[in-house]
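Protein chains in written order, with the numbering used here: chain Z, 4 to 175; chain X, 31 to 593.
Since the hints were made in silico from the structure, they are not lab data.
Careful, some of the hints might be misleading.
Partial pick of chain Z residues on the chain X-facing surface, computed with a CB cut under 7 Å [stated by the list, open to error]:
hint, residue
1, LEU37
2, ILE38
3, GLY72
4, VAL73
5, THR96
6, TYR99
7, LEU140
8, ILE150
Footprint (simulated), chain X over chain Z, 3 or more residues, beta carbon under 8 Å [said to hold, decoys possible]:
hint, region
9, 27–36
10, 39–51
11, 106–119
12, 133–139
From the three backbone atoms N, C-alpha and C, an ideal C-beta is built for every residue, glycine too.
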Amino acid sequence: MPLRNEKVDPPSDDKRWRIVQATMQRNGFERDGLIETLHTVQESFGFLDDESLRYVAASLNAPLSQVYGVSTFYHLFSLKPAGQHTCVVCLGTACYIKGMPAMLKQIESRYGIKAGETTPDGQLSLLTARCLGACGLAPVAVFDGSIAGKLEMGEAMSRLQEMTEVDHVREA
Amino acid sequence: MYERLEEITLAEQESTARFSHTVNVCMAAGCMSSRSDAIKDALTKEVEANGLERWCRVRGVGCMGLCAHGPLVSVDTDQSAETLYQYVTPDDAPAIVGALEGPPVERLHCPTNVPFFQRQKKIVLENSGRIDPERVEEYIAADGYTALIKAITEMSPAEVIDEIIASGLRGRGGGGYPTGLKWTTVAKSEGDTKYVICNADEGDPGAFMDRSVLESDPHRILEGMAIAGYAIGAGQGYIYVRGEYPLAVARLKTAIRQARRVNMLGSGIAGTQFAFHVDIRLGAGAFVCGEETALIASIEGKRGQPRPRPPYPAEYGLWGQPTLINNVETLANVAPIIRNGGDWYASLGTAKSKGTKVFALAGSINNTGLIEVPMGTPLREIIYEIGGGVSGGGQCKAIQTGGPSGGCIPAEFLDTPVDYESLAALGSIMGSGGMIVMDESASMVDVARYFMEFCMTESCGRCVPCRVGTVHMHNLLDKFSHHEAAPRDLVLLEKLCDMVRNTSLCGLGQTAPNPVLSTLRYFRHEYIAAITEEAADLYAITPAPPTSRNGATQHAPAQEVAS
Ligand SMILES: Cc1cc2nc3c(=O)[nH]c(=O)nc-3n(C[C@H](O)[C@H](O)[C@H](O)COP(=O)(O)O)c2cc1C
Ligand code: FES
Numbered sequence: 004m005p006l007r008n009e010k011v012d013p014p015s016d017d018k019r020w021r022i023v024q025a026t027m028q029r030n031g032f033e034r035d036g037l038i039e040t041l042h043t044v045q046e047s048f049g050f051l052d053d054e055s056l057r058y059v060a061a062s063l064n065a066p067l068s069q070v071y072g073v074s075t076f077y078h079l080f081s082l083k084p085a086g087q088h089t090c091v092v093c094l095g096t097a098c099y100i101k102g103m104p105a106m107l108k109q110i111e112s113r114y115g116i117k118a119g120e121t122t123p124d125g126q127l128s129l130l131t132a133r134c135l136g137a138c139g140l141a142p143v144a145v146f147d148g149s150i151a152g153k154l155e156m157g158e159a160m161s162r163l164q165e166m167t168e169v170d171h172v173r174e175a
Numbered sequence: 031m032y033e034r035l036e037e038i039t040l041a042e043q044e045s046t047a048r049f050s051h052t053v054n055v056c057m058a059a060g061c062m063s064s065r066s067d068a069i070k071d072a073l074t075k076e077v078e079a080n081g082l083e084r085w086c087r088v089r090g091v092g093c094m095g096l097c098a099h100g101p102l103v104s105v106d107t108d109q110s111a112e113t114l115y116q117y118v119t120p121d122d123a124p125a126i127v128g129a130l131e132g133p134p135v136e137r138l139h140c141p142t143n144v145p146f147f148q149r150q151k152k153i154v155l156e157n158s159g160r161i162d163p164e165r166v167e168e169y170i171a172a173d174g175y176t177a178l179i180k181a182i183t184e185m186s187p188a189e190v191i192d193e194i195i196a197s198g199l200r201g202r203g204g205g206g207y208p209t210g211l212k213w214t215t216v217a218k219s220e221g222d223t224k225y226v227i228c229n230a231d232e233g234d235p236g237a238f239m240d241r242s243v244l245e246s247d248p249h250r251i252l253e254g255m256a257i258a259g260y261a262i263g264a265g266q267g268y269i270y271v272r273g274e275y276p277l278a279v280a281r282l283k284t285a286i287r288q289a290r291r292v293n294m295l296g297s298g299i300a301g302t303q304f305a306f307h308v309d310i311r312l313g314a315g316a317f318v319c320g321e322e323t324a325l326i327a328s329i330e331g332k333r334g335q336p337r338p339r340p341p342y343p344a345e346y347g348l349w350g351q352p353t354l355i356n357n358v359e360t361l362a363n364v365a366p367i368i369r370n371g372g373d374w375y376a377s378l379g380t381a382k383s384k385g386t387k388v389f390a391l392a393g394s395i396n397n398t399g400l401i402e403v404p405m406g407t408p409l410r411e412i413i414y415e416i417g418g419g420v421s422g423g424g425q426c427k428a429i430q431t432g433g434p435s436g437g438c439i440p441a442e443f444l445d446t447p448v449d450y451e452s453l454a455a456l457g458s459i460m461g462s463g464g465m466i467v468m469d470e471s472a473s474m475v476d477v478a479r480y481f482m483e484f485c486m487t488e489s490c491g492r493c494v495p496c497r498v499g500t501v502h503m504h505n506l507l508d509k510f511s512h513h514e515a516a517p518r519d520l521v522l523l524e525k526l527c528d529m530v531r532n533t534s535l536c537g538l539g540q541t542a543p544n545p546v547l548s549t550l551r552y553f554r555h556e557y558i559a560a561i562t563e564e565a566a567d568l569y570a571i572t573p574a575p576p577t578s579r580n581g582a583t584q585h586a587p588a589q590e591v592a593s
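Generate coordinates for the entire structure from the input sequences, incorporating the hints supplied.
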């Protein structure tokens, strides 16, 4: 029998690790709680770094290869920190038909990044999704967690502008 | 055994009896994304500010269907028929509350005497938009959980299964496998522990039926799962939900907690020996996890890669135990079937496709949203009457059904009744119920390329035909869409379609060529038009006749020869 429940100390005394621990506990420190645990890590820290993967692997007594394998298999997990702000554009069928690819191209060229990348100043991450389930309102995008439907190019640009500008003002 | 339900129903009726007016605000994902929560707050404040809270209540309900006109608010009164308001904003609260006792606010009024509302037949969606999904009391007051009690107190597991068989219900996850037969197999499989899994992965990008059911009527799914558990002898169920659906997850969590509280889940349900527990498992953005064996791997905390079948999950599923996997909509049909009898359900629909089907209308159509119609309803009625026709005054060119595993049905077949067999005969599939309408501006080659790109990125990489084949097919389609193809590319594309379909491990690869095959079948001229002149001069065009699913040769449309 592999030794379970032998508590592994978290990488730091950051309080967020307690939330992660609670998730693992709820699943009895079983390996099948891995995906739930990774979700919690990502929610708490924004992304999955090496340190957190090692910690989760040790706590669930799972090989690091499995933990790494799972975190790279699923699209929702990110191994890189996200930018200050995020914009997720939907590329599901309905949004595709309603002209999202053109809008995405515009955004890409305006900010000089490709989908999946973050601007060099760390301000904006541009992500894509496969259907957000709001197809009735296509095209749809999510700006910093708030979803916007029936989006038009002008509106998309001004929302991005607002999002990234607010911080510049604050910093100045 | 029903006493507890009656008690709750009575208490619910008593507590609502004093309200002569009810204002319902849609709190499903579509309207929520246009801030319907702020509308609900504004309406509540307005009612209180006018001191009307003694006889008027404001509540959140599930999806009302007409997402295109959201946010939607409806007003029910003792006396008059329901009034529906569309495109509501928080600023409209005073007007709506002011009109509670008078004629409706004209500028927000959404007529309900139109085909969109009148032509539907609601079984799965019967509670959607009519009850607050976050209150089990409302579900129970709408006959909720009576089917579960009926099943576990008045019927044997075999009788439950017989009822499902009699209903003719077929899987709504895409395949259309007879549900009763699947239940029978799992019930017969040997094993001490069995599982019920609800497939709420809803991978088709452009479909939102399952999401809406989960958000609007989550108890319906729990009840269906518990009945299934009783029928096959399982004590534990899992709902595997897409990670992209946080609201659905939250509603399900609430529902599970409440169902336990009223003893409709947990041990000793309603004072019987029957115990059933439900847990939620989250997906993390992988389309292939909708495939049943991949889904099982994912629940076990692994990479979601499918494995060859047989053995089928019915015999060797979650943790090696017999497992029943059904789609959300399939399970949503279970409680009404047990309540009203299998024969009642079988009286709806066509000879081989019984009951109703929920469709998500999207794309170039006026009434985007969610509808439920009897099986066998012609596409034309769905698109032009219920759907309100093509948006922007355009013409319908084709309808995509079945997502990445489906195909494009050209407008000339609009009179086809929608059922499993008719759609398959047209080279598409029923799929889970996404229906995307495309107007003349849509390029069919681009649509095929779009789906191939989807399958290419979503291929899990386990088997070579799918992993490599999808990349090559995508590259070829790319050439066509940039008008850089040579005639031999067409030959190669068809060969690859054939190979990938016949040699892939799981349904993802086996069906990935479908969008290409169906567009080749009906819109071959668009492919041929994409062959560059220089290239075409070099090679003689000899298009091979496309073959249908069962291998029979189809006649290619005449115009391809001309072009
Ligand atoms: C690539 C692939 C993706 C699938 N995605 C889904 C899905 O998102 N939802 C679903 O219910 N079934 C999906 N299925 C079908 C399931 O494997 C399974 O047949 C279904 O959940 C069975 O339930 P049913 O009999 O109630 O339809 C998918 C199949 C394949 C091959
Ligand atoms: S396709 Fe964009 S929300 Fe469904």
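Comparing the hints with the structure gives:
About 4 Å separates the beta-carbon of LEU37/Z from the nearest beta-carbon of chain X, less than 7 Å, and the hint is met. Annotation: interface hint on ILE38/Z holds; nearest CB of chain X at approximately 6 Å, less than 7 Å. Restraint check, GLY72/Z versus chain X: the minimum CB separation of about 5 Å is within 7 Å; hint holds. At about 6 Å, the closest approach between the beta carbon of VAL73/Z and any beta carbon in chain X falls short of 7 Å, and the interface hint on this residue holds.
Of the supplied interface hints, the one on THR96/Z holds, with its beta-carbon coming within about 3 Å of a beta-carbon of chain X, less than 7 Å. Nearest Cβ of chain X to the Cβ of TYR99/Z: about 6 Å, under the 7 Å cut. The hint holds. Because the smallest distance between the Cβ of LEU140/Z and any Cβ of chain X comes to about 6 Å, under 7 Å, the interface hint for this residue holds. Residue-level restraint check for ILE150/Z holds (minimum Cβ-Cβ distance to chain X is 4 Å; threshold 7 Å).
Given a C-beta distance limit of less than 8 Å, the hint that chain X covers the region 27–36 of chain Z holds, as 4 residues qualify and 3 suffice. Given as covered by chain X, the region 39–51 of chain Z passes the check, having 3 residues with a CB less than 8 Å from a CB of that chain where 3 are the minimum. Counting residues of the region 106–119 of chain Z whose C-beta sits closer than 8 Å to any C-beta of chain X gives 0, which falls short of three, so the coverage hint is violated. Note: the region 133–139 of chain Z has 7 residues with beta-carbon separation from chain X under 8 Å; the three-residue rule is met and the coverage holds.
In terms of the numbered hints stated before, the structure departs from hint 11 and from no other.
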